[in-house]
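J.: Start from the sequences and build out the full structure, keeping to the hints where you can.
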Amino acid sequence: MNLAANPVRPGAPAAICPGTGELLERLRAWSDAGLLRHLDSAFAVFIATLDPEASPALLVSAALLAQVEGRGHSCLPLAPLPADPQSVLAWPAETHAAVDALWRSLPATPAAWLAELQRSPTVWRVGAGADLGQPLVVDGEDAAPRLYLRRYWRQERTVSMAVVERSASPAQVDEARARGWLDRLFPAPTDTLTLDWQKLACAVALRGRLSIITGGPGTGKTYTAARLLALLFAMSEAPDRLRIALAAPTGKAAARLTQSIDSSLQELQQGLGPALDLQLLTRRIGAARTLHALLGARPDTRRFQYHAGKALDVDVVIVDEASMVHLEMMAALLEALPADARLILLGDKDQLASVEAGAVLGDLCRDAAAGRYGSETVRYLLETTGMRLPERYLSEQEPAPALAQQTVMLRESRRFGGPIGALARAVNDGTDPAEPGRLIATDRTGALFGAQDGRLATVIELAVDGRPGTSAGYRDYLELLARGPGRDDADGHAGWATGVLKAFDRLRILCAVRDGDWGVQGLNRAIERALEQTARSDGSGRLLAPRGAWYPGRPVMVTRNDPALGVFNGDIGIALPAGDAGGRLRVYFLDGDRLRSVAVSRLAHVETAFAMTVHKSQGSEFEHTVLVLAAHSGNVLSRELVYTGITRARSAFSLVAERPGLLEQGVRQATRRESGLVA
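For the sequence shown, UniProt numbering begins at 1 and goes up steadily by one.
Some hints here could point you the wrong way.
[Said to hold, decoys possible] Per label pair, the in silico range of CB-to-CB distance:
| hint | residue 1 | residue 2 | range |
| --- | --- | --- | --- |
| 1 | Gly180 | Ala128 | 51 to 59 Å |
| 2 | Gly539 | Ala275 | 31 to 39 Å |
| 3 | Ala311 | Glu53 | 43 to 51 Å |
| 4 | Ala128 | Ala97 | 30 to 38 Å |
| 5 | His96 | Glu383 | 56 to 64 Å |
| 6 | Ala311 | Gln172 | 57 to 65 Å |
| 7 | Ala97 | Glu356 | 29 to 37 Å |
| 8 | Glu356 | Ala33 | 21 to 29 Å |
| 9 | Ala339 | His605 | 57 to 65 Å |
| 10 | Ala339 | Glu94 | 49 to 57 Å |
| 11 | Gly129 | Gly309 | 23 to 31 Å |
What the hints contain is simulated information worked out from the structure, not anything from laboratory work.
Note that the Cβ used here is the ideal one computed from N, Cα and C, for glycine as well.
T.: This is the structure:
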């Protein structure tokens, strides 16, 4: 790996001095070596074009800023750069000598480094000098300055200011009336020390314009949200005019949210009887939408139909799977929200953040486990729920942090009590989940399975036939596809297509990376070939017969939003013959129990989806989940990725690693994204 500077290329900016040209060439060499992206070194060239006298510290900072934002950070911390560049770079050991050689020519202290940046007309320091729209922004205290691209600084500032404003001054609540409804919605023991966190979450959300309900799988986030909606409906002065919107980052998550809320409200109606007309509430809610659809995404611009100048027509917005909401989307949502509307965020703070910049939910929930509730919140909760918070959840400062008063962490999982849950908790706690000589601990239920033999054949076998103890494999949906609808009418075809989609959704192969034999692309090809070579159970043919790009049974994931077609990034469907006489292929999607389809000729942005990344699986659950860890996963392999992969499984979880030690490596590598977001 040659990281030495090369002679200045003809493409370098003509107005810069030779020394600057040499530095830009060194950065470009690092891009050629794969340490930086070419976009990163090109951004440094762009800054040098705007400021021909740009200092080396500024150009290096510009390249690193572009790189860390590509890794999901919203800013570059400047304080550690002079003394410990590897805390930001995390490059291989063989590069350290070349990095050290360059760093000897750069400022030795954070103050000197910051001074170099502030001299440039391309940089604006917040609170110092005129804001002329400079592309780079420095914010934060002198002891911990942060460098931003202006776009991300503006988005982070929008979110931070909205969070502070919405968390301040909780609304007045008729506490006696709220107590009456909460006791009906959550029948519970009268012991004041027995905590029902779901009931507490509803009480907290009742008085705030921003509320956060976080918790792991099975803790009842959407169950709580349904009861919160019933509570808001019951407490409203005009319930028949209450405007409610449900949203999620993906179509799959939105469909699951609709289904969960509807079923919870139906169950709740049976318990409440005629005291509350929840059918009217259900009509007021309607189906959940993706955030793109809620805000009015348009194909020709990044701007949405709804924004600060044209607010959403809502009183309450509930967003599920909020851990997937990136900084830009959260800023757009908060800008489009009316000042008096309520926003309730639901999500698992320990899951993977969005692949785009920011980890908003993780930042906002940084201290959720500690509670940090102030004396007024403790009094309010006692009056409205009858529960007294233990001292360990109380704030050590008064006034207590405002956001903490509107955040509740659900702590009891009603679904993950078995070995899958134990494994997820071990990973989340950062403890070693492996027993000596085994990759994953297993028990007599067979709910867990581990393989560290480095054989792709293990993944293929699991994909085709599942494993002993769980029949969920791709054979299931393909056998059903081969049998056909059985009836020629529309209902028969719809029932068959729905059954095929549900059978496919019982299993999913989840990968840490996209590239390579152990990534999404390689495994999609390998699984497709294996299914093509495997006979059906009745011997009538092969499970799959690929012919060209489109063929019956091809599972696909949408990779780009297309509001005109009603499909969004992350939607998964299967190509099936249509029910009409022509039998042309259409891709069928299932949103809860609603079946919809699009002609294959209209879907330009899709990819085969036997295997998908863990990131893309968020918001989904599968009966059997197979997590595949590649040896070249690098920094992608993290505690959050492993935890998210495990918690996609309902009944069975399998892990196959290319080599021993990858699970432990992932558990040790916790992710922290740099930001200046209020916590």
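J.: Return the numbers of the hints above that this structure violates; sort them in rising order.
T.: Checked against the structure, the hints that fail are numbers 2, 6, 9, while the rest are satisfied.
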